[in-house]
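The listed protein sequences derive, respectively, from chains Y and C. Here UniProt numbering is used: the first residue of the first sequence is 1, the next is one more, and so on. Here UniProt numbering is used: the first residue of the second sequence is 1, the next is one more, and so on.
These are calculated hints, taken from the structure and not from any lab test. A quick note: this is a predicted structure, and the numbers were derived from the prediction, not measured. Please note that the accuracy of each hint is not assured.
Given that identical chains are not distinguished, each listed pair holds provided it fits within a single copy or across any two copies.
Said to hold, decoys possible - Cross-link-like lysine to any residue pairs, in silico, SDA-like; alpha carbons within 20 Å at most:
# : residue 1 : residue 2
1 : K102      : P225
2 : K102      : A64
3 : K165      : S37
4 : K102      : I253
5 : K165      : E112
2 protein chains.
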Amino acid sequence: MSTTTTAAPTLTTSLAREFAAVLPEHCVITDEVGLRSYECDGLTGFRQVPAVVVLPRDTEEVAACVRVCARHGVPFVARGAGTGLSGGALPVADGVVISLQKLRRILEIDVENRRAVLEPGVFNLDISRAAAPHGLYYAPDPSSQQVCTIGGNVAENSGGAHCLKYGFTTNHVLEMEVVLADGSVITLGAPTAEQAGPDLRGVFLGSEGTLGICTKVTVRLLRKPEAVRTVLADFPSIEAAGETVGAIVDASIVPAAVEMMDSLAMEAAEAAVGAGYTVESPSALIIELDGPAEECDEQFAEITRICEEHGSTRIHVADSADERARVWKGRKAAFAAVGRISPDYIVQDGVVPRTRLAEVLSQIAEMGSEVGLRVANVFHAGDGNLHPLVLYSESAGEHDAAEDLSSRIAELCVELGGSLSGEHGIGADKACSMGRMFTDDDLAVMQRVRTGFDPEGLCNPGKIFPTPRLCGERPGPFRAHPLEEAGVISRL
Amino acid sequence: MSTTTTAAPTLTTSLAREFAAVLPEHCVITDEVGLRSYECDGLTGFRQVPAVVVLPRDTEEVAACVRVCARHGVPFVARGAGTGLSGGALPVADGVVISLQKLRRILEIDVENRRAVLEPGVFNLDISRAAAPHGLYYAPDPSSQQVCTIGGNVAENSGGAHCLKYGFTTNHVLEMEVVLADGSVITLGAPTAEQAGPDLRGVFLGSEGTLGICTKVTVRLLRKPEAVRTVLADFPSIEAAGETVGAIVDASIVPAAVEMMDSLAMEAAEAAVGAGYTVESPSALIIELDGPAEECDEQFAEITRICEEHGSTRIHVADSADERARVWKGRKAAFAAVGRISPDYIVQDGVVPRTRLAEVLSQIAEMGSEVGLRVANVFHAGDGNLHPLVLYSESAGEHDAAEDLSSRIAELCVELGGSLSGEHGIGADKACSMGRMFTDDDLAVMQRVRTGFDPEGLCNPGKIFPTPRLCGERPGPFRAHPLEEAGVISRL
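For reference, chain Y alone in the conformation it holds in the complex:
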């Protein structure tokens, strides 16, 4: 890695001059106010002002910017909309941010082959909007889909509520154009579902900007289902809701989505949106079915029966498109809405095998009450992907306890046979926790593969991969952020 820690004015000036030679003037940002807009992403708690921000307009300009960085050995971070929750787009000190917000063209909607060719800055929801006149849509739907970009989705292998049935971003990306750290442009994947040669497409998906910059992406489009049924079912306990999810899966029904919310999450969402949730209910499931109308109706009858068997206190079907939109708006706004019931909060992201949902939820509740902090739960129950929200007050001095609780929750997921992250990524946030899940040999191979794409380590250094220098010698602990320890970034 070539991160410099000396004062950077000379380097910045020289970088800015070279960027100005390959980009129009308004596409190079060096003033402090402009740079501050790029100092953090959706991960609360950390910020770092970059040396320069550039806004290239096409692949050739991205490659030209990367070549400037490579000549100076300066690290760079690609950035979409900056909505990521693990600090993947957090700048590196004295580094460059390459914003892809100007690459936002939908290049092609290929109706016959059901594909779309996109620049990375296209908003997720705009893909489905463009495909809608042809009866098609793009399936992965992160809660931030109105404002997050497909390039960011590629970097984080983003999921969403409908991943249970439709899979993650990696299941929908066929081909990518990628600018490597030396400025060369390569193609990963192929326009057909079958792909020849080693699957570098797959390793790039979710690599969080550490392997290169995606400048063009071909995604699959799906035909819109004939019917959609959205059911809201209240339960007398989190356990009853968890067991219901298991029973649905055991009945061989694969709903499009099965989301669980607890009363705290519903209280927050209801305050923000008025989605029609029963806030006094300890727990609720949002179950969505899609497909042929007859099949939906049949499955709906079975799901109603299963919910009743598990003690559901209210089963409500969202009848109109409007009501369905409101139910989902509440769910998708739940993270942000938690701000209405708590001054501060941390969003955690972990996975457990579905069969251990009830166990992990009761342990989380216990851990929260031990330290006197409330934890709201709103998550993708069908695939065991938890999003506990740890509520705290910065001004009451609860920050460290909240960070600690949140980390211990992620650790608990790994202990129960799950994963450190479901869909928010490792980023800067969990790099030093990778040792909890992977051995030194595992990590060494990841690092060497990374080097295969980026020999000099200029693509988004400090993310995903723990390094002895940053994480210390202690084996795989949940610890303070490595870049903070190294003095590269500062805490808010």
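Dock chain C against the given chain Y, drawing on the hints supplied.
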């Protein structure tokens, strides 16, 4: 690469002695008759006797064998059942074959979480057999499923007739234990569907033995569908059958399988199996639906209508489980059955976008008649994965013309926006054709990633990756096998 080309007796003796120190005597093969059993796989036309064959019995013994190879800089090739069709398990001269046939235990069937933990030598079909008492099965079903191993499926990312609906091996493998070329043992992936960190699991799937040796694999099991409907529909032309496939997909029906056979393929299969095909029909589709019974019935009605609209001359439903098994036995035996109507044949494997099926099939027919060779077509029509069988007679001196025609067919697939290989892999067969599909920069990254796993290039060298030494300087041509040109292997 450290392939030695000097006479090998000393090296062989010394290798054999070291293997004998880590394995029982009967697990080290050095006699010529024994070695000859391992000289080729399912790729016709090439053979190479290895220096030594070892048969380790567990992960530790595999790692010990690999360490012996590493100490001597000797390349090794892992081998399952040797049913691969692209020469992935073809030995390297003076190299070692590490057979995994003794690692064949089913370690766990986890019914609750629907997972199976397997050693690599387990036969594909045995997974479903072991899961059947619990109402579960393993979805990917290559035609060779009775005799091919899950380790080989991992290496080739194997498909099968039901990939249209259920995806490839990569969609069903959660976690793998892998022995690297230095003998270290790593874990790729995680037991849950969501996986943290870069997806090295994905890049390993389909890497054809060039990254390491998989010694344990956790796969997803699916619940058996309530109902299965298998339909055999004859068509007056290949084009009519092709258009029917398009119409089915446009109707938003995703059958479990859509297979197409032409009259030549049916003639061969019928001669071997008596599956009930109409051999005088120019073309037939096997369409299989699975899922809830009502849904199957509804979709069957619609498919019948679509087939009739496209001029189907006969629509036959396989009523009993027996008849269904016979229909599939014919299809799965079709490759081998071609031996009944032609002394020799080459199986090609390429992909085109589904919308170009009719075009590619008529061009293949034209190319065949130009050189006076028959081409039988039997393939996965739903996803555009062709398997043209080029029929020829070795004794009539038609071999080179057949090889050339087969190569030009693969080339045509790439030109039409498809892929060099759908599911049989690149292996030794198509390494020098990779330049048709990938640029030098693309290939350089693949090579560097490979080096990240295997810095010394001891894992199955000469497969997948074209090298200037073996493929010469000409850009990406379809040419003679590189190992043959280098004098490492000899033609049959």
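Quiz item: Taking 20 Å as the upper bound on the Cα-Cα distance, should K102 and A64 be classified as within, between, both, or neither?
Solution: Cα proximity of K102 and A64: one copy only (15 Å, versus 54 Å across).
Self-check item: Alpha-carbon proximity context of K102 and P225, limit 20 Å
Solution: Neither: 33 Å inside a chain and 47 Å across chains, both beyond 20 Å.
Quiz item: Can you tell me if K165 and E112 fall within 20 Å by alpha carbon in one copy, between copies, both or neither?
Solution: Answer is between; shortest inter-copy Cα gap is 19 Å, intra-copy 23 Å.
Quiz prompt | Within, between, both or neither: K165, S37 at alpha-carbon 20 Å | solution = neither (37 Å within a copy, 45 Å between copies)
Quiz item: From the Cα coordinates, with 20 Å as the cut-off, is the pair K102 and I253 best called within, between, both, or neither?
Solution: neither (42 Å within a copy, 38 Å between copies)
Going through the hint list in order, the structure does not satisfy hints 1, 3 and 4.
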